[in-house]
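Student: The lines below spell out each chain.
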Amino acid sequence: MIAKASGGDSGRHLSKDEYRGLLESGFKALAGLNDIKSSVSKFLPGGTIGLKVSCLARKFNSTPVPLADALVELLIQTGISENKIIIWERTNQELESAGYALNTSAAGRKCLGTDTDGYGYSRDFYSSGPVNSLVSRILTETVDHNINLPVLKDHSIAGLSSGMKNMYGAINNPNKYHDTNCDPFVAHVSNLEPLKAKNRLSIIDAVRVQYNGGPGFDSRYLARYNGLILSDNPVAADRVALEILEHCRQQNALPSLEKAGRPAKFLKTAESIGLGTADLSKIDLKVIVKDAGGGERPGEMF
Amino acid sequence: MERRFFLRCLGCSFLASAMLQSDFFPEILGGLKSAEAYSLTKNLSSVEARYYKKLPEGGVECGICPRHCRVTDLERGYCGTRENRANVYHTLVYGLACSMNIDPIEKKPLFHFYPGTTAFSLATAGCNVNCKFCQNWDISQSRPEQTDNVDLPPKEVIAICRNQNLPTIAYTYSEPTIFYEYMYDIAELGRSNSIRSVMISNGYMETEPLKNLLPVLNAVKVDLKSIREDYYKNIVGGELKPVLDRIIQIKKSGTWLELVYLIVPTLNDTPEEFRELAGWVKTNLGTDTPLHFSRFYPQYLLKNLPPTPQKTLETAYQICRETGLEYVYLGNLPGHPAESTYCPQCGKILIERKGYRIYQNNIKGNRCYNCQRNIPGLF
Ligand code: SF4
Numbered sequence: 001m002i003a004k005a006s007g008g009d010s011g012r013h014l015s016k017d018e019y020r021g022l023l024e025s026g027f028k029a030l031a032g033l034n035d036i037k038s039s040v041s042k043f044l045p046g047g048t049i050g051l052k053v054s055c056l057a058r059k060f061n062s063t064p065v066p067l068a069d070a071l072v073e074l075l076i077q078t079g080i081s082e083n084k085i086i087i088w089e090r091t092n093q094e095l096e097s098a099g100y101a102l103n104t105s106a107a108g109r110k111c112l113g114t115d116t117d118g119y120g121y122s123r124d125f126y127s128s129g130p131v132n133s134l135v136s137r138i139l140t141e142t143v144d145h146n147i148n149l150p151v152l153k154d155h156s157i158a159g160l161s162s163g164m165k166n167m168y169g170a171i172n173n174p175n176k177y178h179d180t181n182c183d184p185f186v187a188h189v190s191n192l193e194p195l196k197a198k199n200r201l202s203i204i205d206a207v208r209v210q211y212n213g214g215p216g217f218d219s220r221y222l223a224r225y226n227g228l229i230l231s232d233n234p235v236a237a238d239r240v241a242l243e244i245l246e247h248c249r250q251q252n253a254l255p256s257l258e259k260a261g262r263p264a265k266f267l268k269t270a271e272s273i274g275l276g277t278a279d280l281s282k283i284d285l286k287v288i289v290k291d292a293g294g295g296e297r298p299g300e301m302f
Numbered sequence: 001m002e003r004r005f006f007l008r009c010l011g012c013s014f015l016a017s018a019m020l021q022s023d024f025f026p027e028i029l030g031g032l033k034s035a036e037a038y039s040l041t042k043n044l045s046s047v048e049a050r051y052y053k054k055l056p057e058g059g060v061e062c063g064i065c066p067r068h069c070r071v072t073d074l075e076r077g078y079c080g081t082r083e084n085r086a087n088v089y090h091t092l093v094y095g096l097a098c099s100m101n102i103d104p105i106e107k108k109p110l111f112h113f114y115p116g117t118t119a120f121s122l123a124t125a126g127c128n129v130n131c132k133f134c135q136n137w138d139i140s141q142s143r144p145e146q147t148d149n150v151d152l153p154p155k156e157v158i159a160i161c162r163n164q165n166l167p168t169i170a171y172t173y174s175e176p177t178i179f180y181e182y183m184y185d186i187a188e189l190g191r192s193n194s195i196r197s198v199m200i201s202n203g204y205m206e207t208e209p210l211k212n213l214l215p216v217l218n219a220v221k222v223d224l225k226s227i228r229e230d231y232y233k234n235i236v237g238g239e240l241k242p243v244l245d246r247i248i249q250i251k252k253s254g255t256w257l258e259l260v261y262l263i264v265p266t267l268n269d270t271p272e273e274f275r276e277l278a279g280w281v282k283t284n285l286g287t288d289t290p291l292h293f294s295r296f297y298p299q300y301l302l303k304n305l306p307p308t309p310q311k312t313l314e315t316a317y318q319i320c321r322e323t324g325l326e327y328v329y330l331g332n333l334p335g336h337p338a339e340s341t342y343c344p345q346c347g348k349i350l351i352e353r354k355g356y357r358i359y360q361n362n363i364k365g366n367r368c369y370n371c372q373r374n375i376p377g378l379f
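These protein sequence lines map, in sequence, to chains A and B. Each residue of the first sequence is one higher than the last, beginning at 1 in the numbering used here. Each residue of the second sequence is one higher than the last, beginning at 1 in the numbering used here.
Please note that a few of the clues may not be correct.
Stated by the list, open to error - Taking lysine-lysine pairs in the DSS-like style, the calculated list, with each CA pair at most 30 angstroms apart, reads:
| hint | chain 1 | residue 1 | chain 2 | residue 2 |
| --- | --- | --- | --- | --- |
| 1 | B | Lys54 | A | Lys259 |
| 2 | A | Lys265 | B | Lys53 |
| 3 | A | Lys259 | B | Lys53 |
| 4 | B | Lys54 | A | Lys196 |
| 5 | B | Lys241 | A | Lys265 |
| 6 | B | Lys233 | B | Lys251 |
| 7 | B | Lys233 | A | Lys268 |
| 8 | B | Lys54 | A | Lys265 |
| 9 | A | Lys196 | B | Lys303 |
| 10 | A | Lys265 | B | Lys251 |
| 11 | A | Lys259 | B | Lys233 |
| 12 | A | Lys265 | B | Lys132 |
| 13 | A | Lys59 | B | Lys53 |
| 14 | A | Lys196 | B | Lys132 |
| 15 | A | Lys268 | B | Lys132 |
| 16 | A | Lys84 | A | Lys37 |
| 17 | A | Lys16 | A | Lys28 |
| 18 | B | Lys251 | B | Lys303 |
Claimed, not checked - Just the calculated beta-carbon pair ranges, DEER-fashion:
| hint | chain 1 | residue 1 | chain 2 | residue 2 | range |
| --- | --- | --- | --- | --- | --- |
| 19 | A | Ala260 | B | Ser194 | 51 to 59 angstroms |
| 20 | A | Gly47 | B | Pro271 | 51 to 59 angstroms |
| 21 | A | Lys282 | B | His68 | 51 to 59 angstroms |
| 22 | A | Asp179 | B | Asn212 | 26 to 34 angstroms |
If you are wondering where the hints come from, they were derived from the structure by calculation, not from laboratory data. Every residue, glycine too, gets a C-beta built ideally from N, C-alpha and C.
Produce the entire structure from the sequences given, and follow the hints as far as they go.
Tutor: So this is what it looks like as structure tokens:
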């Protein structure tokens, strides 16, 4: 489902409160329930919750801190102890460069990279297809349920950088998996046993979409979509994200990713190995528009 | 300077790393302090890479190895050690050694290169292939921020060699191609300090960087992992053709060359492959190029395979000798007669080896002590 904020200028991120509103509407619509607590616990039944953010592009185009803060607040409100929430990424340096305050202490939500002392990567390899990788111990040993919390952007090789591509930040050797438009690698990374077992939700920030020149930041190619994509189906979430990215490209007179030589081939591969739905016509897509006053109404994707 | 730490001991410069070890020269290493005792930096180098070009559409293309990675801002090449930062390509491992050791030169293996001497051996994280049998995967398949690194600029490497009377530096363990700039600068400095350099490589490098590197090297050992393209594609994650071309390039340059072929049961162990290999070496490099067959032990992603049977190694040896190759060796079979060097003319034992130890060396001025036949190499 997509939760969109109405209005908004083209430059700024949303505030924490605006994100919070979108998250609440999104969770309830996704769960098909009216109560936020039951909606959240439908997907996150207790335990330690991980929020895998994307911080490669530093403060310019990483998972916004207000989004992560809003999600943490929401989880706490629904009964999850703050001590049981971990915002995580590949390295502490990446987190800090994106504006996150590290916290490795036992009190409060944790915020840390896999390179934090005592974490690191799994001892054993996990394999799927051509992928053989060690997986962050934050995911394998600490987190019970994970929320994939990336930003939507163009990727110079994979075409689409969104939920599944963000999971490259959970393994030790992502540089090995960029040939042939990252296909079939992106799909098989998400199919690694701990990732498949623990990734419960994709929440993709599509508020400000960099539709070309990614994954690094390029201010020439920013469009405003103003929405969050929420799904428990990682492939469907990415497929919807792709639609938005392609729309932004079209609006700005750029060729499709296919024509640009970087089709997001990994979506079909992911579907073929049973990770989810890549066919847009089979995705039951709900769109909710959240007004500035707090009201909400059904909306259109574009 | 805060990233640097130089370990000082008894007035000499020393270093150590998490992997520093030697059961061969404990007396030399005994004075070193483990770097684990120090707080190791995770910071990486940001030295501009060599052999890359900026692409008109944005991004850079690396020209160090045949992969020619095209890398956009903030991304890294396949080896994980080179990063594009605002369209300037950087090596992240310059001066950052993650593994160091003092090894006998026989361990490289180089059998015709100053036998019985030692080499200060070093590596950084990273590799441009991903062999399923890699013995050093914990460093070769890691990104530099995942290894414990010691800040060791070229002049410190040379200082260690001078202070410890180590005649040779070996770039080894991972793939030196990916730390080309670091290797080159050490080797160049070494040359002006009469310290030799040897590269222990997979040979998967581009022509031009290799051409410019060879004058500062004294020897190269190449792991020719198979004579079949599909093995390179499926087991190594690279290509055979550029490796064969580079081996010929090294031979033609006059830099001393030895080859190693690791025999992996069921994957590259047929007599036909040994025959093809021997024929290729004979035709392209000559019969006097040393060829080492090495025994596989289950490692990394090939733990399901058994060690190479001795008989398979002996078959390979036999075939190569019958083809006319004069210096064929078997490795990882301590005590086997095929560890030693024999005169191809009179059959006398020239260098007797057991494991990495030399028990006798009867080569006098590059000649067999008995029949005076010329023996190739640097003795
Ligand atoms: S050296 Fe590394 S970055 Fe350069 S082409 Fe080879 S694998 Fe790619």
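Student: Now tell me, hint by hint, if it's right for this structure.
Tutor: Going through the hints against the structure:
1. B:Lys54 <-> A:Lys259: Holds. Lys54 (chain B) to Lys259 (chain A) sits at ~22 angstroms (cutoff 30 angstroms).
2. A:Lys265 <-> B:Lys53: holds, 28 angstroms
3. A:Lys259 <-> B:Lys53: Holds, at about 24 angstroms.
4. B:Lys54 <-> A:Lys196: Given pair Lys54 (chain B), Lys196 (chain A) is violated - Cα atoms ~38 angstroms apart, limit 30 angstroms.
5. B:Lys241 <-> A:Lys265: holds, 29 angstroms
6. B:Lys233 <-> B:Lys251: Holds: Lys233 (chain B) and Lys251 (chain B) sit about 25 angstroms apart, inside 30 angstroms.
7. B:Lys233 <-> A:Lys268: Measuring from Cα to Cα gives roughly 24 angstroms; hence the hint holds.
8. B:Lys54 <-> A:Lys265: The hint holds at about 27 angstroms.
9. A:Lys196 <-> B:Lys303: Roughly 25 angstroms separates the two Cα atoms, so the pair holds.
10. A:Lys265 <-> B:Lys251: violated, 43 angstroms
11. A:Lys259 <-> B:Lys233: holds, 28 angstroms
12. A:Lys265 <-> B:Lys132: Holds, because 26 angstroms separates the two Cα atoms, which is no more than 30 angstroms.
13. A:Lys59 <-> B:Lys53: holds, 28 angstroms
14. A:Lys196 <-> B:Lys132: The given pair, whose Cα atoms are some 24 angstroms apart, holds under the 30 angstroms limit.
15. A:Lys268 <-> B:Lys132: holds, 27 angstroms
16. A:Lys84 <-> A:Lys37: holds, 16 angstroms
17. A:Lys16 <-> A:Lys28: It holds: about 18 angstroms lies between the C-alpha atoms, which stays within 30 angstroms.
18. B:Lys251 <-> B:Lys303: violated, 35 angstroms
19. A:Ala260 <-> B:Ser194: 51 to 59 angstroms: Given a distance of about 54 angstroms, which is inside 51 to 59 angstroms, the answer is holds.
20. A:Gly47 <-> B:Pro271: 51 to 59 angstroms: With a Cβ separation near 57 angstroms, Gly47 (chain A) and Pro271 (chain B) satisfy 51 to 59 angstroms, so the hint holds.
21. A:Lys282 <-> B:His68: 51 to 59 angstroms: Between Lys282 (chain A) and His68 (chain B), where Cβ atoms are some 39 angstroms apart, the hint is violated.
22. A:Asp179 <-> B:Asn212: 26 to 34 angstroms: Check passed, 28 angstroms falls within 26 to 34 angstroms.
Comparing the model with each numbered hint stated earlier shows that hints 4, 10, 18 and 21 do not hold.
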